[in-house]
Amino acid sequence: MIGVIKAMGTTFKTALRRPVTVQYPEIHLPLPERERAFPLLLWDHDVDEPFCTGCQACERACPVECMTVTMRDNPKQKEGTSKRRKIVDTFWIDYGRCMRCNICVEVCNFDAIAMNNTWSGIERSAYDRRDLVMDMDELMSKSMAGQVTRWTPDDGSDEK
Amino acid sequence: MTNFSTEPYVVNIGPQHPSTHGVFRMKVTLDGERITDAEMVVGYLHRSMEKLAEERTYTQNIPFTDRADYLSSMSNNLAYCLTAEKLAGIAVPERGEHIRVIMAELQRLANHCMAVGTFINDAGAWQTPLMWLFAEREKILDLFEMTCGARLTLNYMRIGGVSFDLPDEFVPACRRFIDQFPGRLDEVEQMLLENEILLARSKGIGVIPTVAAINASLTGPMLRASGVAWDIRKADPYSIYDRFAFRVPVGENGDSYDRFLVRLAEMRESVKIVDQALRALPGGPHKVDVPLSIRPPVGEAYARVEAPKGELGFYLVSDGGTSPWRFHMRPPSLINLSLLREMVIGLTIADAIVSFGSVDIVIGELDR
Numbered sequence: 099m100i101g102v103i104k105a106m107g108t109t110f111k112t113a114l115r116r117p118v119t120v121q122y123p124e125i126h127l128p129l130p131e132r133e134r135a136f137p138l139l140l141w142d143h144d145v146d147e148p149f150c151t152g153c154q155a156c157e158r159a160c161p162v163e164c165m166t167v168t169m170r171d172n173p174k175q176k177e178g179t180s181k182r183r184k185i186v187d188t189f190w191i192d193y194g195r196c197m198r199c200n201i202c203v204e205v206c207n208f209d210a211i212a213m214n215n216t217w218s219g220i221e222r223s224a225y226d227r228r229d230l231v232m233d234m235d236e237l238m239s240k241s242m243a244g245q246v247t248r249w250t251p252d253d254g255s256d257e258k
Numbered sequence: 010m011t012n013f014s015t016e017p018y019v020v021n022i023g024p025q026h027p028s029t030h031g032v033f034r035m036k037v038t039l040d041g042e043r044i045t046d047a048e049m050v051v052g053y054l055h056r057s058m059e060k061l062a063e064e065r066t067y068t069q070n071i072p073f074t075d076r077a078d079y080l081s082s083m084s085n086n087l088a089y090c091l092t093a094e095k096l097a098g099i100a101v102p103e104r105g106e107h108i109r110v111i112m113a114e115l116q117r118l119a120n121h122c123m124a125v126g127t128f129i130n131d132a133g134a135w136q137t138p139l140m141w142l143f144a145e146r147e148k149i150l151d152l153f154e155m156t157c158g159a160r161l162t163l164n165y166m167r168i169g170g171v172s173f174d175l176p177d178e179f180v181p182a183c184r185r186f187i188d189q190f191p192g193r194l195d196e197v198e199q200m201l202l203e204n205e206i207l208l209a210r211s212k213g214i215g216v217i218p219t220v221a222a223i224n225a226s227l228t229g230p231m232l233r234a235s236g237v238a239w240d241i242r243k244a245d246p247y248s249i250y251d252r253f254a255f256r257v258p259v260g261e262n263g264d265s266y267d268r269f270l271v272r273l274a275e276m277r278e279s280v281k282i283v284d285q286a287l288r289a290l291p292g293g294p295h296k297v298d299v300p301l302s303i304r305p306p307v308g309e310a311y312a313r314v315e316a317p318k319g320e321l322g323f324y325l326v327s328d329g330g331t332s333p334w335r336f337h338m339r340p341p342s343l344i345n346l347s348l349l350r351e352m353v354i355g356l357t358i359a360d361a362i363v364s365f366g367s368v369d370i371v372i373g374e375l376d377r
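In the order they appear, the protein sequences are chains A and B. Numbering-wise (my numbering), the first sequence opens with residue 99 and increments by one. Numbering-wise (my numbering), the second sequence opens with residue 10 and increments by one.
Simulated from the structure, these hints should not be mistaken for laboratory data. Computed from a prediction, not measured in an experiment: that's the story for all the values here. The C-beta atom is built at its ideal place from N, Cα and C for all residues, glycine as well. Watch out, some of these pointers could steer you wrong.
Said to hold, decoys possible - Straight-line Cα separation of at most 25 Å, DSS-like style, residue types lysine-lysine; simulated pairs: (1) K148(B) x K111(A); (2) K60(B) x K95(B); (3) K184(A) x K174(A); (4) K240(A) x K184(A); (5) K212(B) x K104(A); (6) K174(A) x K240(A).
Stated by the list, open to error - So these bits of chain A aren't anywhere near chain B, every CB distance computed over 12 Å: (7) T109; (8) T166; (9) E177; (10) T179; (11) D229; (12) M234; (13) D235.
Bound conformation, chain A alone (with noise of 0.2 Å):
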């Protein structure tokens, strides 16, 4: 009995507070910095082509291959206009493969790939799992568009 009073003054004492759930569909929370998504890649709008050279660092240390990468010679280092001389050919990732585990941003030599910390990449849902592999075009237009930043750990520890 005792209880029961006890447990009713506590309802009484929090029955005012405000609610804390959000309605998730309508109101997106923001998202913090570090935020991990699906990778994708970064766009260098100085020399207008992939930072990506192709060199499958990424593809070799993805743990579960979703990645398929080739690499191509770059026309533009032999114009002289980009100091890149081998540039990504063709770059596939399976988003319904990949565990967005962050491993391949930590091991890329060139800064050329990044987790989506924006809402687009979180809500990736589709009805066929082929939707979900993603060509070099899907990868690359978030940020030829300039709607994904990306984050560096202050500290330069994943930079080498």
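Knowing the structure of chain A, use the given hints to seat chain B on it.
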């Protein structure tokens, strides 16, 4: 009525049953309403984690450990990284050790919020107390998200430290959280501890005697509720746990109610550890540079931590290559569940659900 007898019959609880928290099957034999035999059937969520690990490098295995006990991935990361460091002989910087302790203890809070909430859920208080505790767990997940970008499968720790340093806003946010958390815990206790229904449903239900608990090598809150003050953080300190002052809460009767009490008390102790670690948080590097494809010398190592559910150990054998020759996990969920049959015999199905809920298992870890 003197010659009245019933035929025993078998009832399947699970694999799809809300109280099994996943895909777990319990085959119970009933005589009337009483359980006379129980058999647990596991393996519905088997993902062959140990075999997968033999094909992957030591660092690539860290995200897989997240998915074993997905409610406490920090503890899994910590246990695995400790083992790999022991194997390779790597020392972690001071700041890294403190961050690890803070994260592991926050993870314990998050896990116990879930464990207590779902236990109350199984005992009949449908969803409401669970949601109070989920509101607190949500704040912890926000802390994780601001630190490493993920909420559940964190992949935060690395061999030789942690992957990122803490953001500037972490320490004040964490301080705010641990300042208000004990108050919220008080509210939960006022609501539940003397609740007649909860007492009736859980006192004396699923009793595990001390000797049986030790014989079955139970660990964690299950063992401590049976009256054994065994905590690896005290008994065999790893990381820097020997520097912090905390108590090991112990139960008396070893029933479901005591396990619930032990978890609540452990949450308060974890808050104390986080508080001390935040005060002592030094500057400096948060990790040492370890190559992604690390090649530990030939040998074997076993390291264990006090995960929220009990003793979580990893056993790694290296043949000098980039991936472990053998990767073995000692999952507390599976071993804590080994006394399930003894716990539920003689109970009704409703009480068996409560006993099962008080064990606090995660099927991902049970089956790996």
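- Mind listing which of the numbered hints don't hold for this structure, in increasing order? 7
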